[in-house]
Every structure is written in structure tokens, then in C-alpha cells.
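All chains, please: the whole structure from these sequences, using the hints.
Quick note: the sequence shown uses the numbering used here, first residue 20, plus one each step.
No wet-lab data here; the hints were simulated from the structure. Keep in mind that this is a model prediction, so the values were computed, not measured. Everything hinted at is true.
Within a straight-line C-alpha distance of at most 30 Å, the following computed DSSO-like cross-link-like pairs (lysine-lysine) qualify:
| # | residue 1 | residue 2 |
| --- | --- | --- |
| 1 | 130 | 108 |
| 2 | 178 | 285 |
| 3 | 178 | 130 |
| 4 | 178 | 108 |
| 5 | 178 | 48 |
Label-pair restraints from in silico Cβ distances:
| # | residue 1 | residue 2 | range |
| --- | --- | --- | --- |
| 6 | 256 | 127 | 45 to 51 Å |
| 7 | 228 | 306 | 37 to 43 Å |
| 8 | 122 | 214 | 39 to 45 Å |
| 9 | 145 | 371 | 45 to 51 Å |
| 10 | 369 | 274 | 17 to 23 Å |
| 11 | 306 | 49 | 51 to 57 Å |
| 12 | 51 | 367 | 20 to 26 Å |
| 13 | 109 | 201 | 31 to 37 Å |
| 14 | 308 | 149 | 38 to 44 Å |
| 15 | 214 | 48 | 47 to 53 Å |
| 16 | 201 | 140 | 35 to 41 Å |
| 17 | 109 | 309 | 43 to 49 Å |
No residue lacks a Cβ here, since even glycine has one placed at the ideal position from N, Cα and C.
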Amino acid sequence: MRTSTFRIIGRLWLLLALSPACGCGLFQKRDLAASLNEHIERPFASSELLTVHFATNRAGNGRECSNQSFAARGSNELRFGHCEINVPKAHGVGSLPEGDGPYADPNRFFKIGRYRASAQTSFVSEIPTSGEVLLFVHGFNVPFEEAILRAAQIAFDAKFQGEVVLFTWPAGAEDVVGQVLLNATYLANRESAQASQAVFRQFLEVLLAGDRRVHLVVHSMGHQVVLPVVAALAREGREAFLGEVILNAPDFGTSDFLSIAPFLSKSARRVTLYCSPGDRALLASQQVNGNHRIGLCARAPGIEVINANEIDDAIAGLGHGYYAGRAIITEYFQILLGIETHRRLFIRLSDQGGGEDYILRR
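What follows is the structure, encoded as C-alpha cells:
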């Protein structure tokens, strides 16, 4: 009798707690706010010195954080290092303003600072084994300095609370002629991307050691480095070894992507893909490669495909650089908090028959 009475009292307390008159929802909201404020320990409201840890197979003397030290040529050697980056509080979201000379205002301009080379063991020791990591892999025609700055900008603007890591492969043009002849540079970069898969796998396995929660952000041709490796690891039986995987404007064949999508979806907590049918860079890639690119939009099982066409024309006019702008940075912030896609700001369901699951509104 006493047990049943306790159960009845317990149910009454539960009903009271759930009723609007209780005001308990207010306490829950306060708890949520407290948790969020506790999570965002570093608010990134002032200019910051960020350390970007990096691994690379770029050739060069490796003496400083510069394009001269880490070139567009490839190497069979995987090297590690750390670059200190000043991220100015007054930069526009997605922009990388650099000042001239050592006295440029640190609140207005990015600046590459101190460099430290590192052996693999010491590199890994600087990244907590139980922390969160944001791993960024850049795309086509991106020199070393731009890659380092972009990694810092994304982490700062998204208020990422863990360590920032960059894998930078041999992208970019080796000389002025290459900068002009973009088709030749594209072909050379494509070859470099595919040749970098083995060293990227080596690096990823190093980073995955321990209990690190590795979130992966990839752009453009970087998918040709990353996706075959991630799919191979999943195919070998590893599951959910990544946290959030965010694929931006993938320069990757659609049929090839669909063939590995089941393995990609097993590799992570969630895989989100941003695409745009108006991406002029990928339309050009489609002509060069002779096949449709997944970054132009196509649904894929197990992948959350979001059409960014409405917001994709803000940077450079190609519709390809949206991955670092305000709209997508807002998405990163919500994704890394674990918010479901349909609950995030400015997301709507796609119309039936569209090449995507969701649309990111302007």
C-alpha cells in the first residue's frame, strides 16, 4: 500500500512539474542558458592570438609560417608545426584583412606570428587527448598562408572552444604563369589532392588516438583528399570515429560520392553537406572532369544535404566561397552544439523533388 501511495505522489509531483503553472520551464531555460554560457568559456569578443596546429606534405624549408617555407609542390614527408595567428576583433565575418608592416593595428588586421616546428610526438602532446578538435582541410589553389589564416578565422568566428588543426596539402600555383593558367593549376592541384590521401590517413589516425572528438570541416577539392580516406576507415569497420563532419561545396564526382555515402554516414555523428547549383567554380569543374559534382546538389542517403544557393554569391562572385561567410559560420556554431538541422536558424525543408533535403534561407 505504501509503495503504491509513493508512486501516486510521485506521479502527482511529475504532473505538477510539467504543468505551466509550476514555472519549472523557466528553471529549465535558466539551466540551458547557464550550460551554454559555461560551454562558451572563450567568447572571442576581443582580438585573439590563436594557435593553429598543422600537418602538411608541402615541400619547402619549413622555417616559418610562409608560402616560401611551405610551397605548392608536394613531398612524401608529413611534417608538423604550430603557427600563432592574431585574429582581429574588427574583421568582417569571412574576410582576411592583412595589414602592411609590423605596426599594423592588431584589432583590424590578421597577422601571422611565431612559428614552431614539431615532431609528431610533441605535436600530439599539445592537443589534449580528451578535448574537442576542429580539423580544417582547404580546397583548390589555396597557398599555405591563406590556409592558416582561414583555419583561424573559422574557429574565431564560430567561437570554437577546442583546438584548431589544419591539414594543408600542396595546393596553389607554383609561379605567376600558374596563377594565370588556372586550368593547368587545377589539373596539378587535382593530382596533388589525390596523391595526398595516404599522408592524410596517416595524420588522421594520429589525431584520432585517445578520446579526442574530432570535427571535420572540408572545402572544395579538399574532399578529394579526405572522403576516400574517411570512407576507407569506415569500410574497415570503424564507426562514429568523427564528431560532426561538414562538407562545403565538394568538388567530388556525384556518382563516386553516392557509392561511398553509406560509409561516410557511419563515420561520424552526423554528416552535413552544403551545395549550390549556381556554384560557378563547380560548373567549371564539371566541364573539366566530365561528370556532375556533388557540390552542385544531389540527395545522398544518410547525408544531410543543404542548398546554400540563396546565400552563396557574397564572396568573390563565384558562389564557391560561402563556407567561411556569416550564414555558414552561424550553421557551424549550431551544428557543433548538436542542434538538429530542422531546428536551426534560417533552415527550411526543401520542396519535394529537389536535389537537397533543406534550404538555407537568405
